[in-house]
Structures are given as C-alpha cells and as structure tokens.
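A.B. asks: Fit chain B to the known structure of chain A by using the hints.
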Amino acid sequence: MTDIAQRAGEVRKADGIVLRFAGDSGDGMQLTGDRFTSASALFGNDLATLPEFPAEIRAPAGTLAGVSSFQVHISDHDITTPGDAPTVLVAMNPAALKSDLRLLQPGGTVIVNSDAFNERNLAKAGYESDPLEDGTLDGYTVVTAPMTDLTKRACQDLGVKPRDAERSKNFFALGLVSWLYSRPVEPTVDWIDGKFAGRDTVIAANKAAFAAGHAFGETAELGASRLMVAPAALDPGTYTNINGNTALSWGLIAASQLAGIPLFLGSYPITPASDILHELARHKNFGVRTLQAEDEIAAVGAALGAAYGGHIGVTTTSGPGMALKAETVGLAVSLELPLVVIDIQRGGPSTGLPTKTEAADLLMAMYGRHGEAPLPIVAAQSPSDCFFAAIEAVRIAVEHRTPVILMSDGYLANSSEPWRIPDVEQLCSISIEFASKPNHVNDDGEAVFWPFRRDERLVRPWAIPGTPELMHRIGGIEKSDGSGNISYEPDNHQAMVRLRAERIALIAHHIPPVEVIGDPDADVAVVGWGSTWGAITGARRRLEAAGHRLAHIHLRHLNPLPANLGELLSSFERVVVPEMNMGQLCRMLRAEYLVDAKSVTKVSGQPFTAAELAEAFYSEIETVGAAR
Amino acid sequence: MTDVPVTTRKDWATDQEVRWCPGCGDYSILTAMQLLMPEMGVRREDTVFVSGIGCAARFPYYMNTYGLHAIHGRSPAVATGLAMARGDLHVWVVGGDGDMMSIGGNHLIHALRRNVNLNILLFNNQIYGLTKGQYSPTSERGKVTKSTPHGSVEQPFNAVSLALGAEASFVARTHDMDRGHMQEMFRRAHNHPGAAFVEVFQNCNVFNDGAFAAITKRDARDSMLIDLRHGEPVRFGAGGELGVVIEGGRARVVTVAEVGVEALVVHDETHPDPSVAFALSRLANTNDVPTPIGVFRAVERSEYGSAVTSQIAASQSKAGPGDLRKLLHSRPTWQVA
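Protein sequences appear in the order of chains A and B. For the first sequence, our numbering puts the final residue at 636, and the numbers step up evenly by one. For the second sequence, our numbering puts the final residue at 341, and the numbers step up evenly by one.
So here's chain A without its partners, still in its complex pose (with noise of 0.2 Å):
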C-alpha cells in the first residue's frame, strides 16, 4: 500500500496533455477517446478532439488502411485546437504504431499492447523487425502493457468467453490511462452500466477490463509519470461536451422555436453530415420533420417543397451531394423562398477522402449554379458554433426568402469542445410574416396578390397554400417582377437579374459588422472562415505571448461580406488567408477589393495546426518589418 500511496504522490501538474488513442478500426478506438474525453469535460477540463477514421467500415483487421485513431486534447486553460502534435500514443496493434508515431511529439509516452505485437501483425504493419525492441522507440517513454492476456484473465471467472473478453482491452486501455492521467473513474463505470444496460455478461467484462488497467497502473513499474490536468478556469456556467453535427442540428431545433415553424429535414445519407439526419430524427416531440430520400436531389427538392408549405426547409450533406443538389437551389434562388442547405466539407473532388476534413467548397457555394444565382454563405468556426451559425443560417433564410448556404466541414463535424449552454431566453427570435391579403390592385380596381412584389430590403411575400385570395403560381421560369407572370421580356430578364444580385447584397445591411480579434493596429491581419479559426486562434495567443502583435478577422458571412470589411483590410500592411483548399477566400477578397492578400494553404485532409500557422505568421510579421 505504501508503494501505491509513494507512487499517488508522485503525480506531477501538467497544463495540458494531448492524448492519441490509436487501433484497428474494430478496436473501439473512437468509443474509448469518446469516454476520455467525457470523463475529462465532467472534470472540468477544456478540450479538444480530433477523431479520425478511415472510410471503410472494417478495412482488413490489423493493417495501416484499417488503423482509427482518435486525438484529444485536454488543457487547465482555454484552448481551441485538439493539440500540435500527441504527448502520448495508445498504440493497440504494430499498424497503429506505424500510423501515428511520426506524429508523436520528441519524448512523448507511447504505450502499447505488447500482445498485439506478434509475427503476424507486424508483417501487415510492415515491420521487419519488432519496434519495441530494435530502437524504433528510443527516445520516447514506452509503457508495455499485455493487455489482452490481462483483459481475458480479468473476464475469465465472468462467464464470459475469452474471444468475447478480448473484445473489452479497449476498456483496459482506457483504464490504464485513467489512471496515468488522474481521470476520475465513476463517470466511466456508470456509463458502462448505462450503455450496455441488458447485456450483463458484456457489462461485467468492460468493467473487469476497466478495473484491471487501472489497478496495472498502480502496480506496475510503468517508467511514466502520472499527470494531472486541473480544471479549466473557464467562464462561469454550466456546460456540455458537444461535437459540430450535434450543435448544428440543435441550433435547427433552435432555430425552428424561435421561428415558431416546424422543422423540416430532406437528407440523404453521407459522410461527414449523416449524423445531423440522426440526431433530429430523434426529436420528434419538437414537430421535426425528416426525410430520408431516395437521394439527394428528392432531399432539397423535399426541402424546398416544405418551405414552400411554410416550413423552414433543411437539407443537409456534403461535397458530392452540393454538386447533385446545384439545380435545385438555382431554383429555389428564382423562386426566392427560404432553404438552409447545409455541406459539412470532406475531401474532394469527387469521392476524395470522405472521412477527412477540407474546406474546398467555397467557390462552389458562390458559383456553383447555372445563370447569375446569388445566394448568402454563412460559416461556422467551431464545433460549439455550429449551434449559432445554424440560427443564423435560418435567420437569413427565412427573413430574406432565399436559400442559403451553411457551411461546416469534418473537423467540425466530428470534433467535440465544452460548450457553456446558453440561456434559450437570450436568444434572439427570428421573425416570419406570412401574406395574409392582396398587395396589389389590378386596373380594373380588383385587389389580387402579386407574389414577386417586394418590400425596401427587395425581399417578396412569403404566401404559402391554404391562404384564401392569395392563390398564385411560381416557377423556375423567369418571371415579371411584381405579377410574377412568365416573361421572357429581355428587359425583364435584365431588371431580374440585377434585382436578385442586389437584394442579396443589400443583406450586408442586415449582419453584423466584422470585429478585429487581437491587435487592430498590428501590421499584420489575418482573415479566415470556417474550422480554421481554432488554429488561428491557438497561433495568434502563442505569438502575442512571444510579444508579436496580430490581428484576427474571421468571417460567419462570406456572401455578402460585412459592409465594414473592405475598408478594415485596406488597413493592414499585410493580409494573410488560411484555408483548407489552394485559396479560395483568397481569391475572392482579391477579385472583391483588390487586396494583396497571401495565401497560406493545407489540403492534406488534416486541420492546420496552431504551430503550422504560427510559423506561417511570424514569417509574415517578419517580411514586413524586415521592409520598415
């Protein structure tokens, strides 16, 4: 006992651990990282995920296509990225490994299940010979740990057979870790009871497994040293661990409370935005819609039909369903009705990596139709935003009668940070006015309803059937402006364009200026979108902390940018972009207010990292004041 008090006490603070829980695709690498990161945000720490996976559901067990992984980053401060490069690696089979320790930091912790480390599984991880002996790991702390042999002997008085039992080493991992980094053990235990209530026999192996990684931490000479992480000094509230998917689609439900209109969801499924079809389909109670179509064109065609019944329409998807879905949100941009179309961003062209992130679909939110079909973009910067950029998505929509595109990616999508739940009473309402009378008096003195006649923000009536007196037809055909009659009148067609490119620009009117973040008088900005703004964030502290001075402009609207954006970057010396792609936003503020921007670019299917950026900006920084 007193080994196990001497050892207690040698528990060292630490201010932040990045955690990489690394396995075969059937190993339960992403449920493991999943009850790390929970039992961590319940502790009070702040965090950061970065779940990775391979798109195939089960690749051939044991090979470097097959290996999940799962990056989390916990911290005694406020943090916005899961985290440069992993302190420690969970290394579950000799693939994992040969996957993920070239980005283990120098002097990291690997520990790893020495069982897994046979003939067999190193030949498919491509080893000629065994890394844990022959000096692949000098210079890292390494824990060995034969954790199925100990799992299967932990379960074997449990009735459970030793192949089921194997199953549960991911739990011994989980428990060895728990106990290395101080997480607190209940929060586990009642959540293994909760998740697999009914099965008892799987109950009793999980917290066997559990229980014996922890008690091997506490037993064995590990030659690592135990680390705590304390709280996070976060701001006062109560808080919930949430990813992008899920604070997206509550920012729907959100979205349609504040509406006072029911929801309504056309999807069809696809990585990464499936998870957003799942999670509204469960709250029914809320009058949500959902429809799993036959794909994704009935999905927004389903969409804009509702919308167009005065629902608030939502389809959701990404990359290749943004390209299937394009004719349609052309027609919803002629029938200037409200649609939320939503692209959670995965690696492209065409198929590319589905599981991975990438925010390469801007150009095609803009320009992605046929004809002249503006549309306004709004973009989320974290998984938590992902709940107020879905409202704004909404607000627009519906307010302003035309689709808009929202835009996540992956990253976002998958990745989980605390999230202080905001008071439902402070959230602003989103207003909607359905025509209810004739607007218009025809020459003969008849009052009739004119759908395409419009009010100062150019914005027409949204007048949805059922309405007596205001029965009306519209189409994808160009149309009068005012009668909404066809007309194929070049003079027309001319005044209808120019009036749907300007009631879309006039909708900077509507959003809130752009605000500098950092220094506004540093010689250096830089402007982003989307998942990238953790990074941003997490270079922009680490060079204000070095003395360097930089200012932080990050856009939730891309179309139409605020009115206060061009004058704000004609300010700076310098104007640098990070994107996910070869530099579209780039492209864009250059075409729009002849800035020299510069690029800075990463499509590896990876967010950047705040080092990569920081470097990017000190050499920035460097330039010019090297010019001075």
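Derived by calculation from the structure, the hints in this document are not laboratory data. All residues carry an ideal CB built from backbone N, CA and C; glycine is no exception. Check each hint, because a few of them may be wrong.
Stated by the list, open to error - Per the computed footprint, the stretches of chain A lying under chain B, defined by three or more beta-carbons under 8 Å from a beta-carbon of chain B, are:
1) 247–257
2) 269–276
3) 479–490
C.D. replies: Here is chain B on its own, set in the frame of chain A:
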C-alpha cells in the same frame, strides 16, 4: 365540406393565355380538370398543382390554385416535402413521360412506394414535345425521331406495370378523348388516401400525332379499350363478346362465347396482391391491341405524411412538446463557478 363556396369552371381558370399547340391533348385534360374541380368539394386555396418541366408541366399556370412549376423530373420530390409538411392540402403532380419516367423516374417510384398523399398525373404522349420531338422512355421500339433516325432500339416502359411494380396503392389509366372517364379517374385519385397514379394517354398532334388513335378514336374504343370495372367480369367489344381470362398468371383475350362468362376474370381492384392487376397491364405493350383502362389497383395502405405526423404526435404525448432548454441540458453537464 358544406362550407366550401360554390364555384364554376371560371373560378378554377387563371387569366394566363394557354400556350400549348392548337389541337394538343393537354387542352382536353385541362378542361376536364377545370370542370371537375367545382364538383370536388375543395377550396382553391387548399389545392396545389406541382409540376416539373415539359409541355404537361405548364399545367399549374392554368389552374387558379396554388401552383409550383419546379425543375425537370423533380416534381414528385418537391411535392413529397409539401405533402409531408402540409397534410391539409390536396396536392396534384402533373408531368409527362420524359419528366416522370426518365429524368424523374427515381422520384416517381419512391413517391409511390412511400404512399405520399399525392395525385400524380402522367400525361403520356410517348414523345418529347417541348424539346421538339425526341423519343421518350415510353416510345415504341423502332420509333423514328430526330434522335433515333434509324429507329429506337429501346424497350419502352409500360407505365401501369411500372407503377404496380413500385408498390403503388392506386393505379389507373385513362385517355384524353374521353372527358367523363378522365374525370372519373381524377375523382377516384383525389379520393384515394395516399399516392394515386393516373396515366393519361395524351395525343401530341405535332410530334407524335395519332399515337393512340387505333385504340382511342370513337369507333375503335369498343373493341380496343378494355374498361376495367371493380367486381365485374372483364369484358369488352361490341355487346361484350370479348373478355379476359387469367391462365397461369397471364392475362389472355378470349371470345366469351367460347369460354363462357364464368371463365372471365372478375376485376378486383382492392386485391392486396397486385399480380392480376399486373397481368392485366401486360395485355397491351403497344397501341394496336386491346388495352385496359380504368382503375387497376386501389388498396388502402398507411399514408406517408400521416404516418410521420402520428410519430410526432406519439412522441409529443410521450416526451411532452419539445423544450429547448431541456434539450440543451440533455447530455452530461458540469458547472463552472
């Protein structure tokens, strides 16, 4: 429905100039619909016509109801969303054979399968009209058109067979030369809860004139149209001298005098199994043989929109109406002081 105001055909017609070619079969379908509507006991504002692209798809512009002229092929999808959102509306979908069986084939079969409360009218003229005369998915083999100068080598769809195969709960066929029969089919479609599919043989007098003349012209109808009547033996021809029997699952035309009336198949549109209806639909795959018209199938099945609404009601009575605050706190939470 006693409080529905009395209307006439004029109330259901718009002020828009009808722009189909003179002599087009679409005119008689429009007239049939405008004359029928005042008798249906529905309000104009509760009625919506949704269409895709094509000549037939201009239909909504001429009905003084709500109307949505969407894009090519997608009308069943758009209408599905509308009908799901608004179970109080009467939603009609109008399109041609190119619109609904080619580019929109997928949406059509899924709307039928789901049994969404839609009245789907397929104006089948076996040609592309608006794009000026290419062969369509219902054009006969050998059809010479601009895009098949050597004749089409494709097998056409039989629209009724396709609808039956797509699990449709209501399938009917009519033609543009018989207003009374069209109106009867439209009325039946309207009264059917769920997806009702009506194929209308429609003459395109510019690009495919007389495609159905051999079966629909007045003096041919008796011998060439087999009028299906629920509960009655399937008979046709002058004085009913011809009839249909089902043998080994296949339908065959017979002379009643030779087989006796009792041998004829008695039409049962309500039979849960669509096999006999399908067999009847296979009697005619070209327009030069006796062709069944009328209601092939009319069975009751859970309607999609109301099933969705029931799930919402059940969920609300179980969990209570949605409470946003509760939702945001529904996962594990912790306090920071």
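A.B. asks: Confirm or reject each hint.
C.D. replies: Hint check results:
no.	hint	result
1	247–257	holds (count 4)
2	269–276	holds (count 3)
3	479–490	holds (count 7)
When the structure is compared with the earlier hints, no violation turns up for any of them.
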